[in-house]
Amino acid sequence: MAKSRKNEGNESVAKDDGAARGEGVVAVTARPKVPAAPKRPSADLARRAAAHVPAGRLAVRKTYKLYVNGAFPRSESGRSYPVTSADGTHLANAALASRKDARDAVQAARKAFGGWSQRTAYNRGQILYRVAEVLEGRRAQFVQEVVDADGVDRSLAESLVSAAIDRWVYYAGWTDKIAQVAGGSNPVSGPYYNHSAPEPTGVVAVVAPQSGPLLGLVSVVAPVIAGGNTAVVVASERAPLAAVSLAEVLATSDLPGGVVNILTGRTAELAPPLAAHADVNALDLTGANDMAAGLEEAAAATLKRVVRPEPAPDWFADPGLSRVTPFLETKTVWHPIGI
Amino acid sequence: MPDTALAAATTASNTSLRSFLHGLPGVDEVGARARAADLSTRSIKTSAKAQAIDLAIRMVDLTTLEGADTPGKVRALAGKAVHPDPADPSAPRVAAVCVYSDLVAVAVEALAGSGVGVASVATAFPSGRAPLEAKLVDTRRAVADGASEIDMVIDRGAFLAGDYLKVHEEIVAVKEACGSAHLKVILETGELATYDNVRRASWLAMRAGADFIKTSTGKVSPAATLPVTLVMLEAVRDFRAETGRQIGVKPAGGIRTTKDAIKNLVLVNEVAGEDWLDPEWFRLGASSLLNDLLMQRTKLTTGVYPGPDYYTLD
Amino acid sequence: MADKIFEYAPAPESRAVVSIRPEYGLFIDGEFTEPTDARITTVNPADEEELATVSVADEADVDRAITAARRAFETVWGPMAPAERGKYLFRISRIIQERARELAVLESLDNGKPIKETRDVDIPLVAAHFFYYAGWADKLAHAGLGPSPRPLGVAAQVIPWNFPLLMLAWKIAPALAAGNTVVLKPAETTPLTALLFAEICQEAELPPGVVNILTGAGGTGRALVAHPGSDKVAFTGSTEVGREIARAVAGTDKRVTLELGGKGANIVYDDAAIDQAVEGIVTGIFFNQGHVCCAGSRLLVQESVAEEVLERLKARVSRLRLGDPLDKNTDIGAINSAAQLARVRELAQVGEEEGNERWSPACELPDRGFWFAPTVFTGVTQANRVAREEIFGPVLSVLTFRTPEEAVEKANNTPYGLSAGVWTEKGSRMLWTANRLRAGVVWSNTFNKFDPASPFGGYKESGYGREGGRHGLEAYLNG
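Chains as they are written, first to last, in UniProt numbering: chain A, 1 to 339; chain B, 1 to 314; chain C, 1 to 479.
One chain only, chain A, in its complex shape:
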C-alpha cells in the first residue's frame, strides 16, 4: 500500500486514482461490481461533440437569489445590486433584500425552530456532516468564488475552502457533545436530583463577517445551528455570492428548510430590523462593524443575547465552543429523591 500518501495532510482532498488503493493489498472483497466504463471515449463521440457544441459556447449564468424557508425567492422588493470582484470586475447581480424579506426569514426560522431543536443531536450532526460532504463535492466552484471575491491566489483560496469544509465537520462532531461538556449533574445539598443541560435559545440573527465570504460565513453559521438554533443570516454585503452558493449546498444536504435563511443586501438596511425584531432571540454582530453598538442597543429592548464583533477574528483558529455557548440557555431540573 502506498504508505507515504497516508501522511499527507489534507487526505480527504486527494482524489482516488483507483490504482493506488489496490496496490499490494489482497482484493478488497468479492463484492459485486458494476461493469467498468470503456477505457477511452470513442472517437465518434468526440466528433459529434465537436459538431454540436460550438467553440465559444455562451455560458448559462446563475441568478443569485435569497434563501428563505428552504426556497430561493427573489427579493419581494424586486431589487438587486451589482457585485464586483476584488479588482472591480462585475460578477453578478445579487438580490437586494428588504425589511419584509427579513421579516419573512424570521418567520421561517421560527417555524423551523421546533423541529430542528427537537431532532436528536446525532441527527443534527449527521446533517452538518452531510453539508461538508456536499460542499467538498463543489469545492472547485467555491474556490473560484473566493478567488473572485477576495482576489486571493488560488492556493490560499483552496486552503480557505478546505478550512470551511472542515469547520462543518468540526461542528458536526460537537452537536452530541455540547451537553456533556456544558451540562452535568449538580451536587446540591439535600435529597434532590439536580441536573443542568444546555438548550438552544431560538432564532439567531447573524450579521456575517464582511470579509471571508465562505470561511467567515461558515464559521458564524455552523455553530449557531449545531446548538439547535435556527438562523437568519445577513451575508457579506460586498461578497455575497458564495453565501448564495452555500445556500444551494444547505438546500441539498437534508437540512430542513428554514433552519438557515440567507439574505443578501445592505447590512445597514437589514440588520436594524433584525436587531429590533421581538421574535429574534439572539444576535451575532460579527460583521456589523461600526453599526454594532447601535444594533446592540436595539437588541436590548427584548434582552437579546448578543455576540459583539471581534477586532480581527482568525477564522483558521480552533474556535472551541466560543461561538456555540453564547446561543445556548442552561436549564436546571430539580427532582426529589425518596421512596
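None of these hints come from the bench; they were simulated from the model. A virtual CB, placed ideally from N, CA and C, is assigned to each residue, including glycine. Some hints here could point you the wrong way.
Unchecked claim - Derived pair list, reagent style DSS-like, types lysine-lysine, alpha-carbon separation capped at 25 Å:
#	chain 1	residue 1	chain 2	residue 2
1	B	299	C	460
2	B	49	B	219
3	C	328	B	49
Unchecked claim - Only part of the chain C face toward chain A is listed, based on derived beta-carbon distances under 8 Å:
#	residue
4	19
5	22
6	360
7	361
8	432
9	450
Given the coordinates of chain A, work out where chains B and C should sit on it, guided by the hints.
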C-alpha cells in the same frame, strides 16, 4: 348488560369512577411507542399478505362523513362496499358502510340483503357538543331507519374536566337508545392527549356498555396512531380477562395504505390475540384505504403494479 | 379458517448481499496475510453450516501486529492533525452506514442473532459510535482530562461474541479518536464482521498499522494481552478471564479496562406501567438470546403485583417468535455456540434441581443448530445458583420483594454490578432506588438501551472503566 362491572359502574358516583380509572396502571408513552414501532417492523409477505389484505377488506367500515354527502354519494359507496373490485368478484365485501344519521335510510335501502352493515355516526358527531336529548334523538332516528351499528362520540370536554360520570351516563343512555344495534364509542384520542387518558376512556366506555371502542372521528389529528390502537387493544384484552366480555376495537382516521392496515392487524394479532382477528371484533374506519388494499391485492395476484385509474372512485 | 387466520409467511433477508471468502488471513499493517496453518472454522449457529476458516494468530503474529501498531502510532497516527484523524473515523462511520445491510446479514449469519436486531440495533449503533468518537478527535481538550491529553500508544483489545461488531466499535472508535493504534482480537466464534471491518479500513484508506485484527482463540488472546509492547489492555468478556487479565498485567505500566459479567436486577414496583414493564422484562432478558452482560436476568417484582406481572409476562413470552435469524420476523435467534448451549442447559438443569419452577412457552426448536427456548424460573431465592450465576442465555429468574429497601438489598446482593432496571411511575422512588443500586448502568422504565454518548461499565466484579460518552475517552488518554 348483566355483568357485574357494568352494574357496579352504573350506580357509581363520580368519585368512585375516578378512583377506579385513576387506579388503572399507567402507560409509559415512550415504551408504548417503542412497542408499536417494533411491531410495525413485522414483515408480512406472500401468502400472509394475501390473507391479511382480504381480512382487512372484510374489516373496512367504508366511510363518508362530509357535509357535502348526498344520497347519490351514499349509493355509490354502497355499491363499492358490496363489489369493491368490479374486475375481480373474488374480492370480499366490506364490513359496513358508515354515514351520517340522516343518510342511514338511503344506505339501508342500497345495501338491503347484501350482508354489509350500516353504521351511523350519532350524538352530534364529531364534536359531541349538544344536549343529551338531541344526541338520543339522533341515535333513535338512525336505529329506526335501520342502522345496525351506532358510532357515538364521547363528551371529551366532560372527560378532560374530570366529569367521568357524565361521560358514563351518556354512554349508558345512548346504549339504551341503540336497542339491538351495536354501539361503537369514539374516544377521539387526539383530544385526550395522553395514553393514560386513552386507557381510562377505554375502560370507562367498556364499563358503560360499549360493544366497540373506536379511536377517532377522523376530523381531529392525530387520529388512529399505532400506539393508541395498541393501548386500546391492551384495554379490551384486559377487560375480557377481568369480566369475560369481549369488546371490539376500531381504529379510524389516517389509515390510508395497505401497509397501515397490515400494521394494525399485526397489532391485533400480537397484542389482543387472534380472537380479535375478525370483522366482528376489529374494524378499520377508512375511505381511501379500500382502493389501496384492492391495488395491492391485484399486485399480489398479477405481479404487476396497478394504477389508480383502474379502480372506482367513490 | 378459525385457526391460524394470520400466519406470518417466512420473510428471509437475502444472503446475496454478503460474500464470505472460504478462508481468511490475519489483518496486519493494512494487509491480509496468507492464511496461517492453524485454523478455526466459524459456523452459522442457526444450522451449523461452516461459513469460513479463519487464521489462528500465534505469538509471532501478535508481535508483528504490535510492531505494526507501534510504528503506525509513532510515524502516522500520533503525529497526525487530530481533525484529520477524526475525518478517517467519519469516513469509516459512513462506509458502515453504506454497507449496513451487508454487515447486518453477516453478523446474523456468524452470531445467530436475529436480523431484526443486527439491522435495527447493532449496526446502526456501530456507525453511530464511530461518528460520535470521530467528533471527539479534535476536541480532546474539552473532555475534562486536562488541557492537552495525550494518547497512550498501542492498545491490545479482546472482545466477545455477543455483539461482535458493536464491541469492536466500542473498543476501536475511542482508541483511535484519542490517537492510539490498536490490535484487536475478535471472539473465535464470531470473527467475520471484524474481518469485513478490516476491509472497510482499507476502503477508508486508513493508514496501515492503525488497526490490526488478529483472529484466534484463547491462546491468541493470552499472547496479545501478555505482549509487553502494548500500553493498554481493554477486554470485554467473562469475569473469569477478566481476573486472569488483571493478574497478567499486574506490576506493568499498562492501563486496563475490563467490562465483564453481570447478573442485572430488574426491579418492578407495584405502581409500574405494567404493559411497558412486561415489555422491558422481555427486552431485558430475551434481547440477543440473553447473551448480554447487562441482561436483566433477575426479575425482582413486588409481591403485590407478582402474580399479575407473571401472568402477563408468560402471555407475552408465548408470542416471541423463535427461529431462522435471517427471518425478519424472528425475535429469538440461535445460541451462539455448542459450548454456550451446553452451559445454558447445565444451569437450567441446576435451576430445576434446586426446586425452582421452570416454564417455557410451547416452542418448536429447529433440528439443526444451537437452540434454547425462552425460559422463566419462578419461586427463585437468593440462594439459588440461577439467581447468582451469570447464565448468558434466555433464562429469567423471578424473585419477589415487599419493600423498596428489600428490593435494593436483593438487587445489590451479588458480586456483580453492571446493570439494573427500575420500573415505577413515581420519579422520586426511581431516583431513590437508582441512588442505592450498586450498578454502573441503571435503566428506569426502559432496559437495554445503548447510545454512544452514554457511558457504560460496571461496579465490583463487573469490571472497571467506562465505554461510551466523554467518560469513554479516559481509558485511552493520559491527562
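Going through the hints against the structure:
no., hint, in the structure
1, 299/B with 460/C, "violated, 59 Å"
2, 49/B with 219/B, "violated, 30 Å"
3, 328/C with 49/B, "holds, 14 Å"
4, 19, "holds, 4 Å"
5, 22, "violated, 11 Å"
6, 360, "violated, 36 Å"
7, 361, "violated, 36 Å"
8, 432, "holds, 5 Å"
9, 450, "violated, 13 Å"
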